[in-house]
Amino acid sequence: MVGAAEVPMVNFKVEIMEGGTVLKSTEVQSNSDVQAAKSAATRPVEPGRAGNGGWLRVTHIASGRTSEFVFG
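Numbering of the sequence shown is given in this note's numbering, commencing with residue 40 and proceeding in unit increments.
Mixed in with the good hints, there may be bad ones.
To be verified - In silico DSBU-like cross-links for lysine-lysine, where the CA-CA straight-line distance does not exceed 35 Å: (1) Lys-63 x Lys-52; (2) Lys-77 x Lys-52; (3) Lys-63 x Lys-77.
Claimed, not checked - FRET-style restraints, in silico, Cβ to Cβ: (4) Glu-107 x Val-49: 16 to 22 Å; (5) Arg-104 x Lys-63: 18 to 24 Å; (6) Gly-90 x Val-49: 28 to 34 Å; (7) Leu-62 x Glu-85: 17 to 23 Å; (8) Val-46 x Gly-90: 28 to 34 Å; (9) Met-48 x Asn-91: 31 to 37 Å; (10) Met-48 x Thr-105: 16 to 22 Å; (11) Lys-63 x Gly-103: 17 to 23 Å; (12) Glu-45 x Asn-91: 35 to 41 Å; (13) Ser-64 x Gly-90: 17 to 23 Å; (14) Met-48 x Gly-103: 17 to 23 Å.
No lab work stands behind these hints, which were simulated from the structure alone.
Virtual Cβ for every residue (Gly too), placed ideally from N, Cα, C.
Work the whole structure out from these sequences, hints included.
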(Lines of atoms letter the chains of each structure in order from A and count residues from 1; the text may use other names and numbers.)
(Lines give C-alpha, C1' and ligand atoms only; values in the text may rest on other atoms or scores of the structure.)
Protein backbone atom coordinates (compact mmCIF):
# COMPACT_ATOMS: atom_id res chain seq x y z
CA MET A 1 0.00 0.00 0.00
CA VAL A 2 1.34 3.41 -0.93
CA GLY A 3 1.16 5.92 1.90
CA ALA A 4 0.13 9.53 1.42
CA ALA A 5 3.65 10.70 2.32
CA GLU A 6 5.35 8.58 -0.36
CA VAL A 7 6.41 10.38 -3.51
CA PRO A 8 6.95 8.35 -6.69
CA MET A 9 10.46 8.08 -8.09
CA VAL A 10 11.12 10.25 -11.14
CA ASN A 11 14.09 10.76 -13.45
CA PHE A 12 16.63 13.53 -12.94
CA LYS A 13 19.76 14.47 -14.86
CA VAL A 14 22.57 15.44 -12.48
CA GLU A 15 25.50 17.37 -13.90
CA ILE A 16 28.70 18.06 -12.01
CA MET A 17 29.71 21.57 -12.99
CA GLU A 18 32.88 23.66 -12.73
CA GLY A 19 31.81 27.24 -13.33
CA GLY A 20 29.77 26.96 -16.55
CA THR A 21 31.38 23.73 -17.80
CA VAL A 22 29.79 20.27 -17.42
CA LEU A 23 32.42 17.85 -16.08
CA LYS A 24 30.18 14.79 -15.74
CA SER A 25 26.53 13.96 -16.36
CA THR A 26 24.43 11.10 -15.04
CA GLU A 27 20.75 10.17 -14.74
CA VAL A 28 19.24 9.05 -11.45
CA GLN A 29 15.79 8.09 -10.18
CA SER A 30 14.81 9.86 -7.01
CA ASN A 31 11.90 11.31 -5.02
CA SER A 32 13.17 14.91 -5.28
CA ASP A 33 15.87 17.13 -6.73
CA VAL A 34 17.52 17.30 -3.30
CA GLN A 35 17.70 13.51 -3.02
CA ALA A 36 18.96 13.25 -6.62
CA ALA A 37 21.79 15.69 -5.82
CA LYS A 38 22.70 13.84 -2.62
CA SER A 39 22.71 10.44 -4.33
CA ALA A 40 24.96 11.61 -7.19
CA ALA A 41 27.41 13.67 -5.13
CA THR A 42 30.46 12.27 -3.40
CA ARG A 43 30.41 15.18 -0.93
CA PRO A 44 27.64 16.90 1.06
CA VAL A 45 25.58 19.42 -0.94
CA GLU A 46 23.26 22.30 -0.10
CA PRO A 47 21.05 24.55 -2.24
CA GLY A 48 22.96 27.28 -4.05
CA ARG A 49 25.61 27.79 -6.68
CA ALA A 50 29.34 28.46 -6.51
CA GLY A 51 30.54 31.30 -8.73
CA ASN A 52 33.54 29.69 -10.39
CA GLY A 53 33.80 26.60 -8.21
CA GLY A 54 32.21 23.18 -8.32
CA TRP A 55 28.45 22.77 -8.10
CA LEU A 56 25.63 20.46 -9.27
CA ARG A 57 22.85 21.22 -11.73
CA VAL A 58 19.87 18.90 -11.28
CA THR A 59 17.23 18.80 -14.02
CA HIS A 60 13.81 17.15 -13.64
CA ILE A 61 13.69 15.41 -17.01
CA ALA A 62 9.91 15.50 -17.53
CA SER A 63 9.43 19.20 -16.75
CA GLY A 64 12.87 20.64 -17.50
CA ARG A 65 12.94 22.42 -14.12
CA THR A 66 16.48 22.87 -12.83
CA SER A 67 17.91 23.24 -9.35
CA GLU A 68 21.42 24.19 -8.28
CA PHE A 69 23.45 22.82 -5.40
CA VAL A 70 26.85 23.80 -4.04
CA PHE A 71 29.22 21.40 -2.33
CA GLY A 72 29.05 21.95 1.42
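Evaluated hints:
1. Lys-63 x Lys-52: holds, 10 Å
2. Lys-77 x Lys-52: holds, 13 Å
3. Lys-63 x Lys-77: Roughly 15 Å separates the two Cα atoms, so the pair holds.
4. Glu-107 x Val-49: 16 to 22 Å: holds, 18 Å
5. Arg-104 x Lys-63: 18 to 24 Å: Given range 18 to 24 Å: holds, Cβ gap about 21 Å.
6. Gly-90 x Val-49: 28 to 34 Å: Holds: the Cβ-Cβ distance is about 30 Å, inside 28 to 34 Å.
7. Leu-62 x Glu-85: 17 to 23 Å: holds, 19 Å
8. Val-46 x Gly-90: 28 to 34 Å: holds, 32 Å
9. Met-48 x Asn-91: 31 to 37 Å: holds, 33 Å
10. Met-48 x Thr-105: 16 to 22 Å: With a Cβ separation near 19 Å, Met-48 and Thr-105 satisfy 16 to 22 Å, so the hint holds.
11. Lys-63 x Gly-103: 17 to 23 Å: At roughly 20 Å between Cβ atoms, Gly-103 and Lys-63 fall inside 17 to 23 Å, so the hint holds.
12. Glu-45 x Asn-91: 35 to 41 Å: holds, 39 Å
13. Ser-64 x Gly-90: 17 to 23 Å: holds, 21 Å
14. Met-48 x Gly-103: 17 to 23 Å: holds, 18 Å
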